[in-house]
Amino acid sequence: MVSKLFRLKNSTTQCSKQPAKSIMKHNFLNSALLLVCGSVNSALADDTSWTDRLQLHGFLTQGYINTNHNNWFGDSEDGSFEFTEVGLNTRLQLTSNLSASAQVLSRRAGEMDNGSPHLDYGFFSYQLFESRAGELGFRVGRIKNKFGLYNDTRDVAATRPGVFMPQSIYFDRVRNVLLSSDGVSAFGGMNFDNSSITFNVNVGKFPTDKNIKATFIGENLPGSLDSDEKNVTSSLLYEYDAGRIRIALSNVNYTLRFNAQPGPIFSDGYIDGDIRILSAEYNAERWSFTAEYSRQPIYYNDISPVFETLDGEAEAYYVQALHRFSNRWSSWLRYEASFRDKDDKSGKMRGPASGQPPHSTFTKSWVAGVRWDVSRNLMVSAEYHRNDGTFILSRVDNPPSTPTDPEWDIFALLVSYRF
Amino acid sequence: MTRNCCKIFVLSLVLLSGFFSTAFSYAEVVIINSQNPLSSFDRNELRAIFSMQHTQWKDGSSIKVFVYEDRHPTHQKFCKNVLEIFPYQLRKNWDRLIYSGTGKAPTLVKNKEEMLRVIAATPGAIGYIDKRGTGHGVKTVPVEK
Chain A
1 MVSKLFRLKN STTQCSKQPA KSIMKHNFLN SALLLVCGSV NSALADDTSW TDRLQLHGFL
61 TQGYINTNHN NWFGDSEDGS FEFTEVGLNT RLQLTSNLSA SAQVLSRRAG EMDNGSPHLD
121 YGFFSYQLFE SRAGELGFRV GRIKNKFGLY NDTRDVAATR PGVFMPQSIY FDRVRNVLLS
181 SDGVSAFGGM NFDNSSITFN VNVGKFPTDK NIKATFIGEN LPGSLDSDEK NVTSSLLYEY
241 DAGRIRIALS NVNYTLRFNA QPGPIFSDGY IDGDIRILSA EYNAERWSFT AEYSRQPIYY
301 NDISPVFETL DGEAEAYYVQ ALHRFSNRWS SWLRYEASFR DKDDKSGKMR GPASGQPPHS
361 TFTKSWVAGV RWDVSRNLMV SAEYHRNDGT FILSRVDNPP STPTDPEWDI FALLVSYRF
Chain B
1001 MTRNCCKIFV LSLVLLSGFF STAFSYAEVV IINSQNPLSS FDRNELRAIF SMQHTQWKDG
1061 SSIKVFVYED RHPTHQKFCK NVLEIFPYQL RKNWDRLIYS GTGKAPTLVK NKEEMLRVIA
1121 ATPGAIGYID KRGTGHGVKT VPVEK
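If you read the sequences in order, they're chains A and B. Going by this note's numbering, 64 is the number at position 64 of the first sequence; the sequence numbering is gapless. Every position in the second sequence, counted from 1, becomes a number in this note's numbering once 1000 is added.
Warning: the hint list may mix true and false statements.
Unchecked claim - Which stretches of chain A does chain B cover? Using the computed rule of at least three CB atoms under 8 Å from a CB of chain B, they are: (1) 55-62; (2) 99-109; (3) 350-362; (4) 382-390.
Stated by the list, open to error - A short list of chain A residues far from chain B (calculated; beta carbon distances all over 10 Å): (5) D78; (6) G87; (7) I265.
Rather than coming from a laboratory, the hints here were simulated on the basis of the structure. Backbone N, C-alpha and C define an ideal beta-carbon position, used for all residues, glycine too.
Given these sequences and hints, build the entire structure.
Have a look at this one:
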């Protein structure tokens, strides 16, 4: 490996100093390497060592969850340990403009996720330019979606604004419509005197799973529901005074295609929708205040006339205050709400229309939590949720046939190590 | 009378110099490898460098950032006094980069001796120490507001 790198280094020197004739003599592999280094201006210009170019990071999180009613990440009424997150990632700086990154994630989340390891992200990133004024680049591969303020590192406990992501905005029951895209992405930004604007656009296919089907049309419907290849997730972030104020606008524009099994009842069709979100955060020394607001129009096309009654616009938001008592201790209080239909917040119409109780169409929650950073790598946090409504519940953890309780509480404890 | 005037004059000089030393210089200074031709930074540039957003020097070589642990008193003071941001904000930026695959975190050093040693030994290196008086191969760089 080391000798290979050494050769790469040598050929870089050659491509800048030796005449074209001698380049012709090189074998094919070297010519290919020369092409790469020729196209990347300052490739390997400095003597950054192999160990400097390669990074390795990871995290390991174990949760314990107890609810008085309903299943939240497993059979939580009896106490559930079915919330485990293990991630390992690496990033290699290939040239000064080109890098390769990948993360493998194993996530156990009740019946929603069984913990089998999968590629969380894996992409090449190419920077067209970087200067004091800003940067511009693109990525190819499986890329995490920048959405709201917290989505792109949502599985790393230390980066979450609580034990769980705020479910109103970053819902776990169908997280793959927010999570990542298999495709291409453009990113960039502009720096001003004491502020900056950055943007990110991902175009690609969502990795689909059983949770998407269970949430959008029901697990047992005969057929498959797959993501379109050109779903667009875009975000625009304004930051003032190095993040003292952060304001973001994000949007997911998606299409899910239903391929019906041959039969008389359902036909091929598609669901399309948007998830729009406005985010704002104020960060002071001891306090952080965060608010995010979302509207989610959704339309069902052709699958069955029954589904067309599900058309509508969902609404969700949360507001949170977080206080840092010291370098080690912080606590937070959050109010959050989500409604399946912004024009029918109590679910009087929509609940019975879909054969479910009204409380399945909304959730309003008070959340209080505390976090202890034991060391640089280790943290422990605890959270209590008082919920009214079951809209955020997973249909996989709570099958539609089993009754749910509208008033339910969650207690969760989390231990997380990262490096 | 003249003696009193003298006393007042000397006292005000002392007070003034105290004022100037706290207002225009901090106990924490930015240090870079002595081969680096840069002679000053502005605060926004430094913020971008220590946030790991700005990763290349003007000649295209990579910037290598060295820091102490988040809770190290010099790190805390450097963030507050020189960068004028809170340490937790830097940590948030670094975590976002390293766990989304879009960047890297700075390299940790344990103490001032190690900081001086790695900055001197690494072309393209930047770090900070708690007061002036550096070693061979390292130079301090003033920060303009």
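Against the structure, the hints:
1. Given as covered by chain B, the region 55-62 of chain A passes the check, having 3 residues with a CB less than 8 Å from a CB of that chain where 3 are the minimum.
2. Check on the region 99-109 of chain A: 3 of its residues sit with their Cβ under 8 Å from a Cβ of chain B, so the three-residue criterion for coverage holds.
3. Here the region 350-362 of chain A counts 0 residues with a CB under 8 Å from a CB of chain B, which misses the bar of 3, and the coverage is violated.
4. Evaluation of the coverage hint for the region 382-390 of chain A: breached, as 0 residues show C-beta separations to chain B shorter than 8 Å, against a requirement of three.
5. The Cβ of D78 of chain A sits about 32 Å from the closest Cβ of chain B, beyond the 10 Å cut-off, so the non-interface label holds.
6. With a closest Cβ-Cβ approach of about 8 Å to chain B, G87 of chain A is found to fall inside the 10 Å limit, against its non-interface label.
7. With a least beta-carbon separation of about 43 Å from chain B, I265 of chain A lies farther than 10 Å from that chain, consistent with its non-interface assignment.
The structure does not agree with the numbered hints 3, 4 and 6 stated previously, though it agrees with the rest.
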